[in-house]
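Novice: One-letter residues, chain by chain:
Protein chains: 2
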Amino acid sequence: MKITLSTGQTLESTSGTSILASLKEAGIFLTSSCGGKGVCGKCKVIVTSGDADSKSKMKLSREEIGQGYVLACTAFPSGDLLIDIPKESILTVEGKVVTGRSKDLLALLQSTGATIDPLSERFIMQLPAATLDDNISDLERLKRELMARGLGCLRVPFRFLTNLAQTMRKENWQITLSTIHTDECYEIINIFAGDQKAPRYGVALDIGTTTVVLYLVDLTSGELVDVASTYNSQIRFGDDVITRIVHATEHKELNNIHRAVISDVNDLLSLVVSNHDLNSDAIDCFVIAGNTTMTQLFLGLDPTTIREDPYIPTANIFPLAYAGELGIRSHRSTPIYSFPCVASYVGGDIVAGVLATRLHEKEEISIFIDIGTNGEIVIGNSEWLMSAACSAGPCFEGSGIKHGMRATDGAIEDVLIDPESKDVQIKVIGDNVPPAGICGSGMIDAVAGMFLAGILDQKGKLQEDVSDRVRRGEDGLEFVVHSSDGRDIVLTEPDIENLIRAKAAIYAGFATLLHEVGFTFDDVQKVYIAGGFGKFLDIEKAITLGMLPEMPKGKFEYMGNTSIVGSYLCLLSRKMRSEAEDISQKMTYLELSVSNSFMDEYMSGLFIPHTNMEAFPGVKAMMKK
Amino acid sequence: MKITLSTGQTLESTSGTSILASLKEAGIFLTSSCGGKGVCGKCKVIVTSGDADSKSKMKLSREEIGQGYVLACTAFPSGDLLIDIPKESILTVEGKVVTGRSKDLLALLQSTGATIDPLSERFIMQLPAATLDDNISDLERLKRELMARGLGCLRVPFRFLTNLAQTMRKENWQITLSTIHTDECYEIINIFAGDQKAPRYGVALDIGTTTVVLYLVDLTSGELVDVASTYNSQIRFGDDVITRIVHATEHKELNNIHRAVISDVNDLLSLVVSNHDLNSDAIDCFVIAGNTTMTQLFLGLDPTTIREDPYIPTANIFPLAYAGELGIRSHRSTPIYSFPCVASYVGGDIVAGVLATRLHEKEEISIFIDIGTNGEIVIGNSEWLMSAACSAGPCFEGSGIKHGMRATDGAIEDVLIDPESKDVQIKVIGDNVPPAGICGSGMIDAVAGMFLAGILDQKGKLQEDVSDRVRRGEDGLEFVVHSSDGRDIVLTEPDIENLIRAKAAIYAGFATLLHEVGFTFDDVQKVYIAGGFGKFLDIEKAITLGMLPEMPKGKFEYMGNTSIVGSYLCLLSRKMRSEAEDISQKMTYLELSVSNSFMDEYMSGLFIPHTNMEAFPGVKAMMKK
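In the order they appear, the protein sequences are chains F and A.
Counting from 1015, one number per residue, gives the positions in the first sequence under the working numbering.
Counting from 1015, one number per residue, gives the positions in the second sequence under the working numbering.
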């Protein structure tokens, strides 16, 4: 049977294959934050003609069902179908990267004193042709030339001998070597006939528990060429790392969990590769940053011991892996550098964050916090670094929130609620894109705004009589953030409870760690905030919510996704890779889960802004107003 | 359908599967020097009940056909069969190695000043258990322990991380590391839980053009534990290296040719592994020696450029390969060390031979000659080494000779012909084994004996009226070496022509190379002879034949298969591996194929003993007698 899209494109399908799978087969990737379980409601398509057997209607409104909406992951065609894919369901690459972002990244790299010196290096070599008088073997000829050029030793993995003779002769003894430099020696990762110096690209990856972000980078200029991101489809094995480890350990699903994220990376890779008409040989190397569990699952390493006392990861500094070993769709010898980790619950994403903020170079004491699915905090300076993890949950990335979504086109990223009139103004990411959901920064704005407008009480309960935007929905009370054509975007009371638990964990982490090292918030000169909230995080509102401590606003700096920035830096610079390894070795780790004071702090944080109002004098004053 | 053996063993078969293949499937390997083409006649079996469709009857006598003999490679069962396998058809391991041989090898190793220091090394480590206070990652724990023991750096290929956590904990933090030492660093090739120090074995291989020999060696004691050998089944792609290169190049059969020899090695490996009840993890490393083409084909490297001017091999010093890369049935990470080669036509087998004779250490000028399928000659001393190759052909290994066979049980290795009575006495390899064929040393004895008895003239023609053992057979005149029960062993006139061409090429090689370096036979203090002739080579008879120069008998030393001896030495000693690489670098190569004087010498050698009788005064005197 056939599925025809409103664009006219036709694809083959069978009754046993979901619409989502058929689309994927044809290279059309939909957003699917639950990994295809039929629960997140993000892979909606509209069946405009024909019948599909729709196994789940979760997150679909009555109106949508009436209009023919189905969830592509759990809808199976009963015959030929004509379908329409709403824009917000399609996973896309950004295509044209905002020039500013690429410039900022390059400027950051240059500010560290590093030059462009990527993980992989290419050499073009014109070898002298073999003759009866100069009849050394092909491999010796290659090594002799490297020696003559002062490049030193060359390690040639056995598999490259297979076609060496042909490759060397194909373009009249001109070849291009793609190499990596390890252990004081170059190692071949690919050999091409002729001059293949350019184009060459590298891929930086942030493997988040909730989100996977890919940067396609020009290794010659350092330019950020494209960005793509998607949900980590491991989500179908659980929202957080612990549930996934349990699945890997107790349900023997390690291999499936590993393949889920590899498949996500391959999807993103397909998108950028086809978007720029590259062949896969154009990609020379990968750098990945993720928390320790994500790194191990990406690499296919059993994470069991991460969860069991005494919480030991398999490695903190990883040997290079090769694309072929992991099933990444690139040349099998393309090297994959994994960011060094610190401990079971402070991983490579945090090392990447410190690297990006340069906290490890400064004399003053700074805090770095990465609010992703977990919430890791680093405090320190150029002398010492101390870290901890507090389990914040993935709600700021849109997961577990009814209309939550990542900070991409269509996300409400800014919400302004007038305390008097209770009017709501929103700002949506993208040019003229209708709102499709709400991202982390929007949620913080909305909840802080509702609180100051009296729509929400200190315990996080909605007040029915204050605003007519509060109504009773299927999950209890909910606040309508945006309403149009019957497709409302709401925050429900369970959503808000989720957010309060998350912000309480984050604040408790700050407080506990600071207390452990014997400092107070006054000693901290700078707070770097990373996370997937959106382009901007309203610091004042995050303080109002009690997520951030009340400190002078100028001390805060919102950095966005620092994991991908660190990954970008290491992709391009040997100096950065060496710094990353130093950071991972130098950082100590404090286990908060065994700390009583952390639990106390957490319980105190389950109010807006906090049980201890003395710590939030400014918010207290505003409340009075 | 079923095949039942006279031993009672029953195996399943189908009409489309040859008896040879069904036997192989069941772990019963037959000799098959033509690689299953139905032409060598060595895989005979007797069908005692039932019918088989026999596609080739080559090399089967009328009597044999009457008795039910078929060639297993081209016989296909039409129904259930009862078969009997003659002992000489079965490929066997020696099982119990003559103690003397193992002692001789060990003595040779010790005489070089080398200690037992195998390619691979195992360490047993009791690691401290991980605790909350000592919570570094598993990999760092391992590396820390190696550092603490002063063993230095450890390279851990990524794939070993996959099960590291489990392996380390399985036997209470005791593990055994199997490693190789390369580039000043240990590299892991296997990790076991608990104490797996012993047993551990290595495999030395001689990959000959005609014959593959395997030594199973105890890496702890250096003891030779078992020996197995078979024909190289690449023979079905041609008898000599050139024909095989043509097949690889022009018929795109490289992969099939590669797999043929890998399959031979796997057959031999199966035999020794089952013979000693080993599991495949007990084998830690392989060393292979072969000529350059055999080495490249074993490694799966395109040999095209070896045959084309300017005759360039892909490599002379090879990176380590791993069993998994080549399809060798052992742990996938088991390293395979390939002997360094010198040039396209002087390979690792010759370097191994020099290493075994110690020629490269001596002040006096010596000659080393390896008479296998090709015939390579080295002349030199501790200062210089010069080599050349003369195409002698595989007849001394039994190939291309009607009743030729390798020097194994059942081979006639010694033939004495009384010049007066023309009576013939033979000696057969093995205890009370009936003669099954004739090996290289037997052929030389027989031809020299026939010549001195006047049964053969100087041009190699049989004289019908001199002995009643000369008769007319299907290939023309033939000499009956042994007769019993209608299964005669003969040397035919085409066999003898083959032998004369081979000996002429060898002598021409000697003479040309010596002339090139400006020496005469008188300057040579020692001639080391290697090859697969049999246990003993009668020097006097080889001189009579004109294969060896007439020199004092004491200057000759017959060494047997030096390629496998060199392979054994390198398997056990780092010093030997280093010497082998030095020899390969130091040796220069002379291309005889472009030399006019070689062709002249060759033509002069097509007589017994030689056209120039002045070079053979002793033989001349004997002829007069």
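A few of these clues could be false.
Identical chains blur together in the list; that is why a pair holds if it fits in one copy or across any two.
Stated by the list, open to error - Heads up, simulated EDC-like pairs for lysine to aspartate or glutamate below, C-alpha to C-alpha not over 16 angstroms straight-line:
{"id": "1", "residue 1": "K1051", "residue 2": "E1135"}
{"id": "2", "residue 1": "K1567", "residue 2": "D1502"}
{"id": "3", "residue 1": "K1436", "residue 2": "D1479"}
{"id": "4", "residue 1": "K1117", "residue 2": "E1237"}
{"id": "5", "residue 1": "K1184", "residue 2": "D1316"}
Quick caveat, the hints were computed from the structure, so don't treat them as lab data.
Novice: Run every hint past the structure and note whether it holds.
Specialist: The hints, checked one at a time:
In this assembly of identical chains, the alpha carbons of K1051 and E1135 never lie at most 16 angstroms apart, being 42 angstroms within a copy and 50 angstroms across copies at closest. In this assembly of identical chains, the alpha carbons of K1567 and D1502 never lie at most 16 angstroms apart, being 34 angstroms within a copy and 105 angstroms across copies at closest. In the homo-oligomer, the alpha carbons of K1436 and D1479 lie at most 16 angstroms apart inside one protomer (12 angstroms), although the nearest pairing across protomers, at 128 angstroms, exceeds that limit. In this assembly of identical chains, the alpha carbons of K1117 and E1237 lie at most 16 angstroms apart only when taken from the same copy (8 angstroms versus 67 angstroms across copies).
Within a single copy, K1184 and D1316 get their C-alpha atoms only as close as 44 angstroms, which misses the 16 angstroms cut-off; across copies the closest is 14 angstroms, which meets it.
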